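Since the structure of chain W is provided, determine the placement of chain C on it from the hints.
Protein chains in written order, with numbering that gives the first Met the number 0: chain W, 0 to 288; chain C, 0 to 288.
Copies of the same chain look alike in the list, so a pair counts if it works inside one copy or between any two.
Here are the computed lysine-lysine pairs in the BS3-like style, where the Cα-Cα straight-line distance is at most 25 Å:
id: 1; residue 1: LYS195; residue 2: LYS119
id: 2; residue 1: LYS281; residue 2: LYS119
id: 3; residue 1: LYS281; residue 2: LYS6
id: 4; residue 1: LYS270; residue 2: LYS281
Worth flagging that the hints you see were computed from the coordinates, not collected in a lab. Bear in mind the structure is a predicted one, so any value in this text is a computation, not a measurement.
Number of protein chains: 2
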Amino acid sequence: MGAPDEKLLSLNTATVRQQWQLPDIIAGCARHSIRGIAPWRDQVAAAGLKEVAARIRDSELTVTGYCRGGMFPATDGASRRAARDDNKRAVDEALTLSAQCLVLVVGGLPKNREGRIDSKDLLGAREMVRDGIGELLEYARPAGMPLAIEPLHPMYAADRACVNTMEHANDLCDELGAGVGIAVDAYHVWWDPHLKREIERAAGGASGKGTSRLLAYHICDWLVPTTDLLTDRGMMGDGVIDLPLLRSWMDGGGYRGMHEVEIFSANNWWKRDPDEVLATCKVRHRDCS
Amino acid sequence: MGAPDEKLLSLNTATVRQQWQLPDIIAGCARHSIRGIAPWRDQVAAAGLKEVAARIRDSELTVTGYCRGGMFPATDGASRRAARDDNKRAVDEALTLSAQCLVLVVGGLPKNREGRIDSKDLLGAREMVRDGIGELLEYARPAGMPLAIEPLHPMYAADRACVNTMEHANDLCDELGAGVGIAVDAYHVWWDPHLKREIERAAGGASGKGTSRLLAYHICDWLVPTTDLLTDRGMMGDGVIDLPLLRSWMDGGGYRGMHEVEIFSANNWWKRDPDEVLATCKVRHRDCS
Chain W
0 MGAPDEKLLS LNTATVRQQW QLPDIIAGCA RHSIRGIAPW RDQVAAAGLK
50 EVAARIRDSE LTVTGYCRGG MFPATDGASR RAARDDNKRA VDEALTLSAQ
100 CLVLVVGGLP KNREGRIDSK DLLGAREMVR DGIGELLEYA RPAGMPLAIE
150 PLHPMYAADR ACVNTMEHAN DLCDELGAGV GIAVDAYHVW WDPHLKREIE
200 RAAGGASGKG TSRLLAYHIC DWLVPTTDLL TDRGMMGDGV IDLPLLRSWM
250 DGGGYRGMHE VEIFSANNWW KRDPDEVLAT CKVRHRDCS
Chain C
0 MGAPDEKLLS LNTATVRQQW QLPDIIAGCA RHSIRGIAPW RDQVAAAGLK
50 EVAARIRDSE LTVTGYCRGG MFPATDGASR RAARDDNKRA VDEALTLSAQ
100 CLVLVVGGLP KNREGRIDSK DLLGAREMVR DGIGELLEYA RPAGMPLAIE
150 PLHPMYAADR ACVNTMEHAN DLCDELGAGV GIAVDAYHVW WDPHLKREIE
200 RAAGGASGKG TSRLLAYHIC DWLVPTTDLL TDRGMMGDGV IDLPLLRSWM
250 DGGGYRGMHE VEIFSANNWW KRDPDEVLAT CKVRHRDCS
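Just chain W, same shape as in the assembly (with noise of 0.2 Å):
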């Protein structure tokens, strides 16, 4: 493996969230030629949509995607029909922002009215996201914007998302078909012993219509120890992911999409001068990824 094409570097705002508001990022990513930026509804809202999608359209930046739809499981349907309504919201804002696809982090067990888990059904919750997203489709798909199923780790799947497996994300892209794909996180999936067979899969369109379903690479790195569930993501080449063995595997399956970098991680990386993590994200994206 050669070192990848630097032009496909993006960077996933949370990275640099603690240090920046939304348009110092879009600047910072100018200043350091980075061409892809992945937002936060969170910060565009700050910012105001039109604003941010204004910025960067000038910049020249691609959207990787936007961060993030989901959160299907409740045990109220309130609760749920909030959901599927702040859902359409957000695919409306991702067609704003020209992004490439909204990435879903579909939600863990059950939640109430006040947002505490309340259910220990987690087939249950699983049939609460096929059916959530399936439903959200009907709105994205013909609008044109991609829906990206993230799995996440399985340290996750109480409060986060409980689809945590590539296998079990191609198997929702099979029963849902056309309009979803999925967000390939290596922090995620790193340790998942059928990760090739089904990087493979979902590159291959098991649907039988030959579409990849590769909507997104994300790429950190597994730092041991790692200190905290939630906010102890490693800078590419300090921890232990295989990345150059993993991107061979997207590049295998037909992925040409851009490498976001995402890293949480509360006493590094959000606790450096920004234009110093920006700076290293390029350096190690060439070097460690």
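Relative to chain W, chain C alone:
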């Protein structure tokens, strides 16, 4: 599901390891009418193997597992040979204790002589695990000590065990043949969409011999939020795992062994009066598992 038979409760000694030495734990089990125990090697070494074996025998405790062998992957031959010899000693000790199985935490990515991970070759690590268990089987099988592969949660793939699903453990059992089975720990596998299928597979003996591979069943609970990857496990009932459902799957597979409570809890149960911990284990085993 009715409540489980209280006679099936076993105590993994890690649950009160911060408060009590092993002789205290054995006495505590007798005092609380807990009939099973699963001791750790360091505790046994501290108290003396023969002394421990005699106390356990006198207390008529079933040893539901001996913790633990494994840690096979290493980048240098000397370390692998050291692990091999140490694992043979673990088999010998398990025999002396009349343990029902030797639990294997198989190890993660290969480490060097200093004990630091120095390879990202996860596939290679999994081959080392297969070879290591295969070699240990040649010693354990004729000695009559079953080896129990414990699939660990994927968040331990790097540093503790690169066997992270029941399916992978079943595949290893298929390949390695008689003498090796699986320790099912609810904490590690509850999230797995194939859990029921793979418990059934383990129960039916996919090797065609009709013998069950279900050698042990460990219980605790998954807390939300989980604040530490290692030492924030919950008492049954305090988390989100549907333990009665999992027990019904084990029962449905013909598992008639004990239910071993194993809780690593630095900030809660390890700080409490150990008699309170044991009393709580009894109540929660009855009411929440």
